[in-house]
Amino acid sequence: MSTTFEAVAEIISDTSDIPLEEITPEKNAFTDLGIDSLDFLDIAFAIDKHFGIKIPLEQWTEELNENKADVDDYFILGKLCDRIDELIAAKTA
Amino acid sequence: MLLEYFQMIDAVESLDTAKGSIVARADVPKESTVFEGHFPGSPLVPGVLLIETMAQASGFMLLARLNFEKMPFLANVTSAKMRTFVEPDEVLRVEAELEHDGSGFAATKARIFRDGKKICDSKLMFRIMPFPNDTLKNNMLDRYGEISRASAG
Numbered sequence: 000m001s002t003t004f005e006a007v008a009e010i011i012s013d014t015s016d017i018p019l020e021e022i023t024p025e026k027n028a029f030t031d032l033g034i035d036s037l038d039f040l041d042i043a044f045a046i047d048k049h050f051g052i053k054i055p056l057e058q059w060t061e062e063l064n065e066n067k068a069d070v071d072d073y074f075i076l077g078k079l080c081d082r083i084d085e086l087i088a089a090k091t092a
Numbered sequence: 000m001l002l003e004y005f006q007m008i009d010a011v012e013s014l015d016t017a018k019g020s021i022v023a024r025a026d027v028p029k030e031s032t033v034f035e036g037h038f039p040g041s042p043l044v045p046g047v048l049l050i051e052t053m054a055q056a057s058g059f060m061l062l063a064r065l066n067f068e069k070m071p072f073l074a075n076v077t078s079a080k081m082r083t084f085v086e087p088d089e090v091l092r093v094e095a096e097l098e099h100d101g102s103g104f105a106a107t108k109a110r111i112f113r114d115g116k117k118i119c120d121s122k123l124m125f126r127i128m129p130f131p132n133d134t135l136k137n138n139m140l141d142r143y144g145e146i147s148r149a150s151a152g
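Protein sequence lines, in the order shown, are assigned to chains A and B.
Throughout the first sequence, residue numbering follows numbering that gives the first Met the number 0, covering 0 to 92 in sequence.
Throughout the second sequence, residue numbering follows numbering that gives the first Met the number 0, covering 0 to 152 in sequence.
Mixed in with the good hints, there may be bad ones.
Said to hold, decoys possible - Pairs of lysine to aspartate or glutamate residues, derived as EDC-like cross-links and limited to a Cα-Cα distance of at most 16 Å, are as follows:
id : chain 1 : residue 1 : chain 2 : residue 2
1  : B       : K136      : B       : E68
2  : A       : K26       : A       : E5
3  : A       : K78       : A       : D13
4  : B       : K108      : B       : D15
5  : B       : K122      : B       : E68
6  : B       : K122      : B       : E86
7  : B       : K29       : B       : E89
8  : B       : K29       : B       : E86
9  : A       : K48       : A       : E21
10 : A       : K53       : A       : D13
11 : B       : K69       : A       : E57
12 : A       : K48       : B       : D15
13 : A       : K53       : B       : D100
14 : A       : K48       : B       : E86
15 : A       : K53       : B       : E98
Think of the hints as simulated: they come from the structure by calculation, not from any bench.
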């Protein structure tokens with residue numbers, strides 16, 4: 000069974016045509032991997048379906064726009080996977 | 000269909016907002032300036048307008064689910080197939096269903112049928128955003144009212 004990060008990395012590689020070896024937990028999806036917001040919709044869609052969750056993109060975007068959060072808080076891949084694990088845990092709790 | 004005004008849906012035949020599905024009718028006009036260029040002597044509905052038709056059916060379904068509080072904007076044509084030509088004066092059945100209700104986005108699957116035969120299908124994605132102004136919101140509400148009444152009448 001793959002880890003959350005392995006699954007997310009495969010999704011990103013498949014949807015954005017980025018070599019798997021370039022996708023590491025410390026990378027920021029936008030600033031390091033060059034993923035744009037439209038690409039990220041595909042990624043969010045695939046993550047939602049794969050894990051049976053709903054990434055709260057609207058809430059995150061609102062927090063970023065209001066300077067209540069930094070883009071690294073959500074889109075560093077390691078942190079993104081932590082958030083996904085929290086959503087999975089909340090779903091099964 | 001008023002192709003020049005991008006009014007692709009003529010009537011909503013059925014709508015299930017909870018399930019996220021819609022069946023609509025689109026009547027291809029006998030004449031349109033679009034046909035003068037596409038193509039001279041052989042008028043066909045452009046494939047992009049068939050995609051737009053599937054997007055609008057999806058869009059009205061999403062608008063109804065959202066109680067017209069936000070607007071779905073087409074963001075991604077993940078796939079689209081146009082299986083045959085569509086000519087003037089044809090009646091099309093357009094079906095769309097919600098594939099995924101994401102946060103700030105939605106994915107749909109849509110199809111067009113003619114005489115019971117599937118002639119187009121697509122997978123589409125929409126960004127769900129606030130209306131940029133009341134003019135667009137009111138226009139969407141008015142248009143939805145028109146196509147809903149058309150099915151009732």
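Tested hints:
Straight-line distance between C-alpha atoms of K136(B) and E68(B) comes to about 8 Å, which keeps the hinted pair within the 16 Å bound. Note on K26(A) and E5(A): the hinted pairing holds, with a Cα-Cα distance of about 14 Å set against a maximum of 16 Å. Taking the CA atoms of K78(A) and D13(A), the gap is near 20 Å; set against the 16 Å cutoff, the hint is violated. Restraint check: the Cα-Cα separation between K108(B) and D15(B) comes to about 15 Å, which is no more than 16 Å; the hinted pair holds.
With a C-alpha separation of about 24 Å, the suggested pair K122(B) and E68(B) falls outside the 16 Å cut-off, and the hint is violated. For a cut-off of 16 Å, the pair hint linking K122(B) to E86(B) is broken: about 23 Å separates their Cα positions. A distance of roughly 8 Å separates the Cα atoms of K29(B) and E89(B); the hinted pair therefore holds under the 16 Å criterion. A distance of roughly 9 Å separates the Cα atoms of K29(B) and E86(B); the hinted pair therefore holds under the 16 Å criterion.
Distance hint between K48(A) and E21(A) is unfulfilled; the C-alpha atoms sit about 24 Å from each other, more than 16 Å. Annotation: proposed proximity of K53(A) to D13(A) is violated, straight-line Cα distance about 20 Å (limit 16 Å). Simply put, K69(B) and E57(A) have alpha-carbon atoms about 12 Å apart, close enough for the 16 Å limit, and the pair holds. At most 16 Å may separate the alpha-carbon atoms for a hinted pair to count; K48(A) and D15(B) exceed this at roughly 22 Å.
Distance restraint check for K53(A) and D100(B): the Cα-Cα separation of roughly 8 Å lies within the 16 Å cut-off, and the hinted pair is therefore satisfied. Proximity of K48(A) to E86(B) is assessed by CA-CA distance (about 38 Å); at most 16 Å being required, the pair is judged violated. A distance of roughly 13 Å separates the Cα atoms of K53(A) and E98(B); the hinted pair therefore holds under the 16 Å criterion.
Hint violations for this structure: numbers 3, 5, 6, 9, 10, 12 and 14, all remaining hints satisfied.
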